[in-house]
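Join the two chains into one complex using the hints; note that each chain is given alone, in its own frame.
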Amino acid sequence: MKTHALRDGFGRAIRSKRYLLLIFLANFAIAAAMSYGVARSIEGSLGSSASAETMVDGFDPMWFDGYETEAAGLAATFDPRITGVGAVFDALEGFLSGKVFTGESAILGAALLYILFWSFLTGGLLWRFQMLRGEGSFFGNCGRYFPGMFVLGLIGGFGYFATFYWGLPELRSLLEEPMRDVVDERQYALYTLAEFGAVLVAFALIDLIVTYSKIITVVRDVRLLLVLFTPFRALWFLVCHPLRTLGLTLFLAWALAILTGAYGVFGHFYPDVLELVGLTSGSYGGIAILFGAGQLYILGRIFLKMFYLSSHTTLYEAIRVLPPFEPEDDENRAATAREEDRLATAAGVGGASGGATMTPV
Amino acid sequence: MAKRLPNDATPARRSRNPLFSAPLAMALLVVATVTAAAQPASDDSPRSERSPRIANYVMNVFLDPATREIEGEQTLTWRNATDHPADELRFHLYYNAWLNDRSSFLRHARNASLPTPDHGDEDWGACIVKSMRLEPGDGREGAEVTDLVEPISPNDGNPHDRTVIRVPVDPPVAPGETLTIRMTWTSKVPRTFRRTGVRGETYFLAQWFPKIGVFEADGTWNCHQFIQTEFFADFGNYDVRMTVPHAWVVGATGERIERRKNDDGTATHHFIQNDVHDFAWTTAPDYIAHERDFEAEGLPPVRMRLLLRPEHRAKKDRYFEATATTLEMYGQWFGAYPYGHVTIVDPPFRLGAGGMEYPTLFTGGTRWISPPGTFSPEGVTIHETGHQWWYGLVANNEFEHAWLDEGINTYCDRRVRDVRYPERRMTRRYFNGVVPFVFRELPMALRTDGADRYRGFESVLKTDSMAHESWRLAPGSYGRLSYDKPALMLRTLENLLGWETMQRILRTYFERYRFGHPTPDDFFAVVEEVAARDLDWFFEATYYGSGLFDFAVESVESQRITKARGDRIGEDGSITPIGDDGIPPPEGIESGAFESHVVVRRFGDTPFPVEVRVTFADGESVTETWDGVERWKRYDYVRSTKVDRVEVDPERILVLDVDSVNNTWVRDSKARRASVKWSARWMVWLQNMLEQLASVS
Chain R
1 MKTHALRDGF GRAIRSKRYL LLIFLANFAI AAAMSYGVAR SIEGSLGSSA SAETMVDGFD
61 PMWFDGYETE AAGLAATFDP RITGVGAVFD ALEGFLSGKV FTGESAILGA ALLYILFWSF
121 LTGGLLWRFQ MLRGEGSFFG NCGRYFPGMF VLGLIGGFGY FATFYWGLPE LRSLLEEPMR
181 DVVDERQYAL YTLAEFGAVL VAFALIDLIV TYSKIITVVR DVRLLLVLFT PFRALWFLVC
241 HPLRTLGLTL FLAWALAILT GAYGVFGHFY PDVLELVGLT SGSYGGIAIL FGAGQLYILG
301 RIFLKMFYLS SHTTLYEAIR VLPPFEPEDD ENRAATAREE DRLATAAGVG GASGGATMTP
361 V
Chain D
1 MAKRLPNDAT PARRSRNPLF SAPLAMALLV VATVTAAAQP ASDDSPRSER SPRIANYVMN
61 VFLDPATREI EGEQTLTWRN ATDHPADELR FHLYYNAWLN DRSSFLRHAR NASLPTPDHG
121 DEDWGACIVK SMRLEPGDGR EGAEVTDLVE PISPNDGNPH DRTVIRVPVD PPVAPGETLT
181 IRMTWTSKVP RTFRRTGVRG ETYFLAQWFP KIGVFEADGT WNCHQFIQTE FFADFGNYDV
241 RMTVPHAWVV GATGERIERR KNDDGTATHH FIQNDVHDFA WTTAPDYIAH ERDFEAEGLP
301 PVRMRLLLRP EHRAKKDRYF EATATTLEMY GQWFGAYPYG HVTIVDPPFR LGAGGMEYPT
361 LFTGGTRWIS PPGTFSPEGV TIHETGHQWW YGLVANNEFE HAWLDEGINT YCDRRVRDVR
421 YPERRMTRRY FNGVVPFVFR ELPMALRTDG ADRYRGFESV LKTDSMAHES WRLAPGSYGR
481 LSYDKPALML RTLENLLGWE TMQRILRTYF ERYRFGHPTP DDFFAVVEEV AARDLDWFFE
541 ATYYGSGLFD FAVESVESQR ITKARGDRIG EDGSITPIGD DGIPPPEGIE SGAFESHVVV
601 RRFGDTPFPV EVRVTFADGE SVTETWDGVE RWKRYDYVRS TKVDRVEVDP ERILVLDVDS
661 VNNTWVRDSK ARRASVKWSA RWMVWLQNML EQLASVS
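If you read the sequences in order, they're chains R and D. Using this note's numbering, the letters of the first sequence correspond one by one to residues 1 to 361. Using this note's numbering, the letters of the second sequence correspond one by one to residues 1 to 697.
So here's chain D without its partners, still in its complex pose (with noise of 0.2 Å):
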């Protein structure tokens, strides 16, 4: 396990450097401009072909429809990896998030301004431990807990918030020991706010018993309280018996081993699966069942499991071919999928629970009128499989390091798209969302495109730097710096390194520290080690800053050099003027010639190296390299033709820059025409408006 910070601890700056290499950034822009030649695949033999199996559950839980309440024996087998004695053990309970209005949650919600639940008295949820006791075993004694049990808020305090247990062991867990807890508790189901929860009879279940936290290596208890991020377990294996009224339909994490039939009307799912981090489940009377066998040549077959809504009949195919797709190119990419078996969970409309990934289980989310173009389910479906690899096998710590499985998934989703999807069409839903229109004349932006909608002096890329841990970043700043951010740093690095350079860091990222925790510092470590550049400068800039990119071409300007005017002094210091002979042009310029000057400027905070393009009305082109260090930089040129184009960064390598429109300037601008077509139509739809208005006179 990779050496963690303490819970509350700032990621040190890795300065090695001042704020870059300007040299060696400046040999790597000169790199990336040449294609990387197709090197072969990291030869790193795979770390482990299963986890180290830390935290194992058995479980046995019993869902009472009637009350919307799970009550639960668990039986938990712990081994302390660490070399230091554990004297406490800390559990989750994450749903005591929705205990009430007071929790770090709710609070948090709040303050960023996310929705915040409108729940009536029987729609909150809860989570309680009833019993723990401390099973005997290696010279240890059983012992009954439950009154030591004490909830704590390591994070921020808050009194009311619920969501972290803990209770002390004597004596203490010795390193490499093995401990057995059995616990008995409840958790009432939320009405679903955020990702969990009931709605009618859909229940979808995630984050849903007491689960213990990540002991780490220097012998702290990880176990944030649940406020906005929410994944870090240790792997181990799971056994859980569920038992719900017997025609309803269960899809859960594993795979399903018996399904027996009870007396009292229920019936009783076995799931097993090993070597997995979570466990997640949803049961509902009306999801359909299909299912496809995945088949790829060099991968592991994958049976894929798709439960669906009646109403999304129309898109089995769909998911399937989505999911497919990704589990093929994630696999030849980054490394197989190991488990052999997925479950595609399409949740109903406004269950809230859409879009969200478990080990071995994730759910979709469409609509019921969502025609091809719309690119839904597809869009969802790439992103969930793709967190089977980064988050699923992957497992960094979500709530400090959001970042490292949103990022990363974020960036690798978008190469699926673009290979499988190229096609992207601007839509937009009518009448409370029910009635989608694609303008197939439209091509809709990713946000890995580019940071131009960022734009703006408040822009939220400002607020916080990435580096900042997830679960406290700014309010309203985790979506930007988890997902957006992230894929367009790794968007520019590839635009640096060659698509083939990139996938053999994932790669090898992927083969190292699957079942492992890896941190920022070891994915930075094995982007160096398989560049075989020192990218310092690059993460400086990127992850550890929170400035801005945006470059631009302030000026341009050429004038035909005339007949200079004034005087000159003669050879015998005489002074004369020029007169009608005037100067002679530089060498190789015929008389009458241009001169250019050029004036790029940085107006961010952040530089980076990047080419500077300009092109003359003759055709030919000068390409410059600017380091960015400077806030401006101005080339002079004298040619037998004026400037006719400026491109700062013209392969768009920087995809980080805010403003990726002021990067260019053209001689003969089209504006005028562009807004007379676009003013055009915007004029129609005021008519038309004002039409529509006018039908109350």
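Just chain R, same shape as in the assembly (with noise of 0.2 Å):
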């Protein structure tokens, strides 16, 4: 069932490409806005010196030592090894500190309006990757669900900053005492290891439970004061089918750690590729490769989201179908293949929406 979730998921989320290209184009121009602006503070740092020359195709770290002590603002955030894997590291170990709730003002207003943005379509996407859905537009959906979606995101954020505000600092304090005295480096990468662990799973579960309460709300179109108990449903169908749910998420994990390993590969030997194809690091043609690998990176990114969300659609529906806790034993499974072929193939059910006419995907 995990693998036709996975399969059918990635189906779903291959069709729904325009949509994708929509979320892209939203963090391309968000970022793209911003950075013309830290653009604008580099060169009027750099100006008319001899600096800006070995910044074309170099780094010049006399005049970043310079820079850094006087940018503000925005500006201030820029820092050379941000470049490949640095960017990664950089995103993946601020969020999981929770340093980036507490960084750049400008920053975090633009990552809320991009989470907002999100919300709003992802009960458009939902929508999309149901087997069966009501009739209606994409858009129309996403409005449709979106105080649903915005009252959700609001809970999965107070369940983050609860992570941060008190079980971080708890566990912290709980690791205190054990680590007083550690003077091994390689029992402290364990210690740190098992906080940032622990963040991890929570955001992982807090992100499960927040998702399939969306799930849940788009497929059995629940009204929105219902809202606010699906996450119970959500915990509770996560506690029925741990292994089919955890399983799903750990493979879509292990495939964006692909991704972004991948990505780090390329970043770390982009000076031989550029090597390789005769270009150096200042020329438009070296700057649009990295740029173009960056883009892909975040392209992919936003695709194992979108993937996220359908494959768990899928594995919701195929399990709702069955009824709970018996086990997936030969008949079941050829129960729920004949009962997933009958609703493939059967329009104009009524169903989980409340009697809306369905039409197949």
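Just so you know, the hints here were simulated from the structure itself, not pulled from any lab data. Where a beta carbon is used, it is the ideal one built from N, C-alpha and C, also for glycine. Be a bit skeptical, because a hint or two may be false.
Simulated restraints on C-beta separations [claimed, not checked]:
# : chain 1 : residue 1 : chain 2 : residue 2 : range
1 : R       : A162      : D       : M444      : 34 to 42 Å
2 : R       : G47       : D       : G570      : 41 to 49 Å
3 : R       : L296      : D       : R652      : 40 to 48 Å
4 : R       : P271      : D       : G619      : 45 to 53 Å
5 : D       : E651      : R       : A106      : 36 to 44 Å
The following block contains the structure:
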């Protein structure tokens, strides 16, 4: 069933490429608008100096020493060590340690805007990813489910907030005593791994609960007031099907890790790539290659998130039609397959959306 | 011994001239542009093969890990090497800096916004003198003086500080007299806060015993409270027996001559070292000891002993190689390391004692995951090995002039790095510092590359002058004014004089003050003597001054000479329009030439002579010499092409300039292209950050 969810979810995500592009463009537009200010700041700082020549095909650490001292606002977030895997490590570390939430306000504002945009689209995407979906337009359903998605987003946000401002400090105070006299860094690394791992697991669980709440909201067409109860239903669903849901999540996390690793490897060997094709890092071709790789990575990340939503939607729908708690024996699997075939071929069958006309996907 | 200043005296300015002597400076600048011819090393014979041996210790100490206490007995044989009688003795009790949070050390740390300890009740340190007796001898009767011991606070009057004690001596110790003092004491080892202490079962013990101050040539005691600087002591011989649990490994100043296993499960390690001014040691159950011999042509052999943490096994060769490289280069440049052995201690992670120097022993420091590009442990190892010269052998008063050891050593270690480790790349550590990543595309700047990182109105360089006594430098300025600015000052001096001259200066300084206590004036005198130049102007500007250096290209204009408009006065005095004939261009310049104006400016407070190089579009260039005294200077040119590039201080002699970027101007600026390149990278970083944050949506 997990394989089915993956295969089916992948197909549904792929078929939503226009929305993938839409999200990517939103991401691109926000970042481009903000990077204009940083570009002006860098350009202004370099001015007519010879350092600009150095910065074109290399890097002038003396310029950066001064720039770092003087830059303010968004420009102060510029650091040359954001290339390739540096960007990924930076974001992941900042995210898992909660630093990003106390970062530059302009970035937080942009992130909030982007999060709202994602929340708006999520309802439409989940509606689209359903095996059986009611009629209506994509954007119509985006608007229809947005209040619910927004409420669930707030609940998720509260979960993250609680993790950082209550869970993480508690965890750190728990680890403080055993770590106090640790002088072997290997042991310290294990504690660090445990700390980041615990935060990651907490995030994954919160994210799963919120994601399934959203799926339930859309698939079962839950009214706004009742959306508040969907996290309990989602939690119950996760408790009943831990292997399938976590397995699917782990697979997608693995896919993200591979994508990130590939991007990191590319970033590391970027100078060699340039040498191979006879370009310099300051040539427009060289700039475009690295920028293009970055865009592919971002596109990949967005696709994986859509894939995550679609595959879990598929999994939920597939499991939902089976009686709960029954072992997954061959007979049940066959019954599931028969039921799915029936649903897939059935047209105009009343269902979860409260009697709305359903069309096969 | 060099004549010293009283404890609280601010060094007098050496101002023989006004701010500086411009003609001399100009001449020097011209000389500096020519590569100095290699000259033979100084022919000064070594000052002495042994130290004056003024303070000699025989100690027997027992470490009890259960209580974290050291019980000590010591016999100090001290000689009054001055022409003045000493009517009291003063001792440092450094460990009382961590007696409580009212100590001057911790008070200063709070003022400087430095980390303060998170000590529990069991973690504080102390050093208590339990008994003190003056032994009979030289016509003197023995005397029990324990009750006469009193704490004093000569520097800040802090009644809670217990880092210095005095004891009256009656009759006073006559000039040339040798006095024997027997003491028993207890040191409670603090949880390591800075440089010394214990974590887990690893002890690093420095400044751990009652240590006599320095009785100066003027008859006053130089025995500062432990506030932020700590090293100043007379040379002598140390004979120390340390008893620790028998399976524990011990490393210490000097050579171990015996290890005796005791019946009570302990072992006593006997170390001896002559001609040093301090004694430090370390012990832990899990050090792994390695040894390797250093040999280099023309230098005496040195047995290197490395006490390595198990998790740092892979760093063994890198530690040895960095140590050997420094022993070789410093030895060849400045003079041989004389002791024949050195102990390298690889401190555990977070011990807080990494990167510290003691005679014949130093601590390095590295991380579990530390690939070669991170330059760890190489960087710290080179620096601390270098301190065996600048601190260990040339033992200036670090309480007052920390720059003489830290600054000179920072300057010198950079040269080792340049020669042996020229490839430096930026590194960043992620996830609580556990995971390093080396950015091979990004060269790294050393703090001795230039003063650019101190740019800004509130630059720390302006807060104090290097001439200020180190122990009372403005909070937060110690590091910059003891390491960075002095190193930049010496690099500037090297750029003016050439490396060969600089090497002879340091070699002469080393040979002259080995086993001695030189002052800044001694150093300046050696510089002027070897360079054979009056450099007062230089030291006035860089050492005594606290102003910034900042030269810039302010504006560049190049305009085609157009036909003149207006009137002209004829030979007969008549006024007629210029008309189409125009005014002929200057001789040698074709019509259509360019008139260019270059304005350079001194934004910094401090004048300094600099060159200004103006390059024209046809490739020709003109080098001007500007004394830098006025705030600005304008250069006018009429040439067939426009000005293409202007550089102030093109050879980057004045590395103290806090903004090297504004020193240059190029017509065809590449700033747009550079900003596209770097902002595109930043944009991808932001896109990824947005996507990461959106995972909470």
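Could you check the structure against the hints above and give me the numbers of any it violates, in ascending order? Violated: hint 4 alone.
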